[in-house]
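K.L.:
Chain by chain, the residues:
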Amino acid sequence: MRRVLVTGLGVTSPFGAGVKAYWAGLAAGACAIRPLTLIDAGGFRCRIAAEVPEIGTGSPRRSRADRLALGAAAEALEDAGLSAPDRAGAALVVGAVGGGMLEAESGYWARARGERAPRWAASLRAMLPAAHAETLAHRLGLGGPRHTVVTACSSGAVAVAEAAELIADGVVDVAMAGGVDAITQMCFMGFNALKLLDPEPCRPFDRDRRGMSIGEGAAFVVLESVEHARARGRRAHGELAGHGTTTDAYHVTAPEPQGEGMVRAMRVALDAAGLSPADVGYVNAHGTATPQNDRIEARAITHVFGAGRPLVSSTKSMIGHTMAAAGSLEAVAAILALTHEIIPPTANLATPDPEVEFDCVPRVAREAVIEHAISNSFGFGGQNITLVFRRV
Amino acid sequence: MEAKEVFDELKTILVSRLKFDPRRAAEVAETTPLPKGVEGSIGLDSLDFIELSIAIEERFGVVIDESENLTAHFASFDTLSRFIGGRLGAA
Chain W
3 MRRVLVTGLG
13 VTSPFGAGVK
23 AYWAGLAAGA
33 CAIRPLTLID
43 AGGFRCRIAA
53 EVPEIGTGSP
63 RRSRADRLAL
73 GAAAEALEDA
83 GLSAPDRAGA
93 ALVVGAVGGG
103 MLEAESGYWA
113 RARGERAPRW
123 AASLRAMLPA
133 AHAETLAHRL
143 GLGGPRHTVV
153 TACSSGAVAV
163 AEAAELIADG
173 VVDVAMAGGV
183 DAITQMCFMG
193 FNALKLLDPE
203 PCRPFDRDRR
213 GMSIGEGAAF
223 VVLESVEHAR
233 ARGRRAHGEL
243 AGHGTTTDAY
253 HVTAPEPQGE
263 GMVRAMRVAL
273 DAAGLSPADV
283 GYVNAHGTAT
293 PQNDRIEARA
303 ITHVFGAGRP
313 LVSSTKSMIG
323 HTMAAAGSLE
333 AVAAILALTH
343 EIIPPTANLA
353 TPDPEVEFDC
363 VPRVAREAVI
373 EHAISNSFGF
383 GGQNITLVFR
393 RV
Chain H
555 MEAKEVFDEL
565 KTILVSRLKF
575 DPRRAAEVAE
585 TTPLPKGVEG
595 SIGLDSLDFI
605 ELSIAIEERF
615 GVVIDESENL
625 TAHFASFDTL
635 SRFIGGRLGA
645 A
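If you read the sequences in order, they're chains W and H.
Last residue of the first sequence: 394 (our numbering), numbering continuous.
Last residue of the second sequence: 645 (our numbering), numbering continuous.
Honestly, the hints are just simulated from the structure, not real lab data.
Here a beta-carbon is modelled for each residue, glycine too, at the ideal position from N, C-alpha and C.
Take the hints with a grain of salt, since some may be wrong.
DEER-style ranges, computed between Cβ atoms [what the hints assert, rightly or not]: (1) W:Thr-249 with H:Asp-575: 32 to 40 Å; (2) H:Val-617 with W:Gly-143: 43 to 51 Å; (3) W:Gly-143 with H:Ala-580: 34 to 42 Å; (4) W:Thr-255 with H:Pro-576: 50 to 58 Å; (5) H:Asp-575 with W:His-253: 50 to 58 Å; (6) H:Glu-556 with W:Ala-26: 19 to 27 Å; (7) H:Glu-556 with W:Glu-369: 55 to 63 Å; (8) H:Val-617 with W:Leu-196: 34 to 42 Å; (9) W:Gly-83 with H:Val-617: 47 to 55 Å.
All chains, please: the whole structure from these sequences, using the hints.
P.N.:
See the structure below:
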């Protein structure tokens with residue numbers, strides 16, 4: 003098993019293009035959840051979301067999601083400074099759910115009304131979740147193994163873990179991995195119908211939380227074996243020290259009530275990294291702000307780490323739940339917390355939940371020097387993953 | 555941008571985006587037809603035209619409006635270069 007470093011970071015977030023804007027927003031405890039403009043939310047209980055403000059990258063003939071992904075992946079590649087030969091051998095693992103559904107669904111609606119669907123052929127080509135990987139590979143010259151991971155809201159994190167496996171096993175030396183999702187009618191209406199959306203910006207771990215806020219974005223990381231990074235003299239942002247993946251095998255949407263699958267994911271990840279719970283200074287929680295997730299996740303975290311430690315926050319309070327991008331955006335948040343020695347807060351947290359037995363870093367970021375951070379992502383259907391990052 | 559410069563950029567796109575052999579791209583003339591099935595053409599199919607349109611929008615910063623019939627504009631390198639040149643002039 004080879005050790006895996008993170009040598010490139012790239013983000014397109016509701017705070018705008020780039021890692022810098024993302025971290026500035028997170029460290030300030032800003033909330034990017036605002037009135038929805040991308041789709042018509044008239045008649046819905048919830049009409050807010052965290053949209054990416056400007057999509058600068060790429061032709062308007064590309065799907066919004068592809069453009070989010072291209073911006074983030076190109077930034078990660080540039081940050082890592084990979085040569086063309088390295089790119090030609092690099093694996094690409096993309097976590098995706100919605101694909102190019104935003105454009106496809108509006109095209110289908112137009113055609114159902116007997117109208118012309120704009121850029122219809124291009125929309126159909128970009129519709130499936132696997133289309134992002136096609137776009138990224140083609141545009142960025144990534145020629146190694148190519149996977150698309152669809153594990154609901156943990157897709158972005160699972161993509162990072164799968165890419166790390168390819169490096170650890172010696173299949174490739176370098177990989178690009180991450181997740182992307184754009185807001186779509188299908189996603190927004192689905193969560194609205196499930197009554198999981200808060201009409202106000204979401205409040206993870208607040209006693210009065212009422213549900214999640216939808217977001218969108220993309221984050222990609224360049225992963226590299228220690229040997230490969232060393233050979234080209236590259237400094238790393240951090241080490242992906244381990245990961246744990248489990249399945250509840252319980253229900254199509256609800257997490258298993260005791261959080262047993264979540265506990266196992268965290269424990270498997272710590273074991274893989276050779277750590278004890280006391281080594282972890284920060285947990286970037288899944289923290290969706292649904293009454294159910296946060297209660298069960300809080301219980302699971304306390305079960306693994308004991309009451310009172312470590313610091314825990316949900317960055318979804320600032321950028322919403324970015325679906326397939328969430329796991330990778332939050333992985334980047336965890337890495338940046340290690341490198342900046344600042345724990346991003348849980349915004350909008352006004353009234354602590356007495357059932358939550360740890361410090362949720364309410365509203366204001368906290369300075370803290372930590373050696374290890376974990377990021378939890380729990381997808382519908384009990385698709386759980388914990389990533390462990392180590393300071394280098 | 556002159557039509558000749560646009561033509562040269564289109565030949566670059568043939569190689570970088572449509573993955574044509576550079577030698578074949580170097581051989582095309584301004585009069586060479588684009589669509590598959592036309593005699594002497596470089597044989598672009600419908601997916602190639604999507605990729606070409608994306609590449610044009612990204613390279614030249616123009617937006618191709620599909621509400622007009624584009625068939626005549628995408629007939630040859632010459633017609634396409636003039637079309638793009640016109641868009642650049644209008645912008």
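K.L.:
Decide, hint by hint, whether the structure agrees.
P.N.:
Hint-by-hint comparison with the structure:
1. W:Thr-249 with H:Asp-575: 32 to 40 Å: violated, 48 Å
2. H:Val-617 with W:Gly-143: 43 to 51 Å: violated, 26 Å
3. W:Gly-143 with H:Ala-580: 34 to 42 Å: violated, 21 Å
4. W:Thr-255 with H:Pro-576: 50 to 58 Å: The hinted range 50 to 58 Å holds for Thr-255 of chain W and Pro-576 of chain H, with Cβ atoms some 52 Å apart.
5. H:Asp-575 with W:His-253: 50 to 58 Å: Cβ of Asp-575 of chain H to Cβ of His-253 of chain W: about 54 Å, so the range 50 to 58 Å holds.
6. H:Glu-556 with W:Ala-26: 19 to 27 Å: Since Glu-556 of chain H and Ala-26 of chain W have Cβ atoms about 43 Å apart, the given range 19 to 27 Å is violated.
7. H:Glu-556 with W:Glu-369: 55 to 63 Å: holds, 58 Å
8. H:Val-617 with W:Leu-196: 34 to 42 Å: Given about 37 Å between the Cβ atoms, the range holds.
9. W:Gly-83 with H:Val-617: 47 to 55 Å: violated, 33 Å
This entry does not satisfy hints 1, 2, 3, 6, 9, going by the numbered hints stated previously.
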